[in-house]
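*Asks:* The sequence shown begins at 0 in numbering that gives the first Met the number 0 and counts up one residue at a time.
Note that these hints are calculated values from the structure, not bench results.
Zero decoy hints are in this set.
Taking lysine to aspartate or glutamate and the EDC-like style, the derived pairs with C-alpha atoms no more than 20 Å apart in a straight line are:
(1) Lys53 / Asp125
(2) Lys53 / Glu66
(3) Lys53 / Glu153
(4) Lys53 / Glu157
(5) Lys53 / Glu8
(6) Lys53 / Glu116
(7) Lys53 / Glu20
(8) Lys53 / Glu111
(9) Lys53 / Glu64
(10) Lys53 / Glu7
(11) Lys140 / Asp98
(12) Lys53 / Asp21
(13) Lys53 / Glu76
No experiment lies behind these values; they were computed from the predicted model shown.
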Amino acid sequence: MPTQIPVEELLFTFPDGVRAEDLDRGGKRGQADGIKLVDLVIEDDEMLLLVEVKDPSHTGALDTERERFMQAMQTRELLPQLAAKARGSYMFLHLMEQDTHPVAYVVVLGLEACPHEPALLMAFRDRLAHRIRHEGQEPWKREYLTGCAVLTTENWTEFLPAYGLQRVPNDTTAGG
Numbered sequence: 000m001p002t003q004i005p006v007e008e009l010l011f012t013f014p015d016g017v018r019a020e021d022l023d024r025g026g027k028r029g030q031a032d033g034i035k036l037v038d039l040v041i042e043d044d045e046m047l048l049l050v051e052v053k054d055p056s057h058t059g060a061l062d063t064e065r066e067r068f069m070q071a072m073q074t075r076e077l078l079p080q081l082a083a084k085a086r087g088s089y090m091f092l093h094l095m096e097q098d099t100h101p102v103a104y105v106v107v108l109g110l111e112a113c114p115h116e117p118a119l120l121m122a123f124r125d126r127l128a129h130r131i132r133h134e135g136q137e138p139w140k141r142e143y144l145t146g147c148a149v150l151t152t153e154n155w156t157e158f159l160p161a162y163g164l165q166r167v168p169n170d171t172t173a174g175g
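With these hints in hand, go ahead and build the complete structure from the sequences.
*Replies:* What follows is the structure in structure tokens.
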């Protein structure tokens with residue numbers, strides 16, 4: 000039976016044989032320890048994927064919030080938070096002896112309601128990959144991630160076709 004994991008308005012579906020876990024568990028795991036964790040960890044026979052979701056297109060988002068998010072993507076404002084989640088999640092998995100495969104980081108952006116160019120996503124990915132390798136005054140001596148990708152809800156299945164992703168908006172208009 001496939002596994003389904005909701006992350007806000009996005010529903011991820013994973014086939015049998017793939018372990019998928021809500022790593023952050025609504026922010027409850029790790030916060031007491033000061034560890035920032037990604038939303039999901041996906042494990043198949045070859046790879047561990049750390050998946051962080053940022054969704055400025057959710058139904059409750061105001062236009063000003065969307066504009067602020069897009070501005071933060073163009074600057075370096077989001078990078079420290081995203082790098083900390085990659086590092087914290089890797090550290091957590093390593094210390095729990097769950098880093099049994101190479102680890103890659105995937106940031107999923109819900110940008111359906113935000114005008115953007117593909118070049119913005121590529122530049123953002125490049126800046127994020129650099130930040131992950133070089134968070135302090137000097138770069139990390141060990142590369143702990145094998146790759147970094149920035150995907151949108153629209154192109155998720157193009158790059159990860161085995162894993163489903165759909166938007167399931169919260170019904171804020173229902174009367175009960």
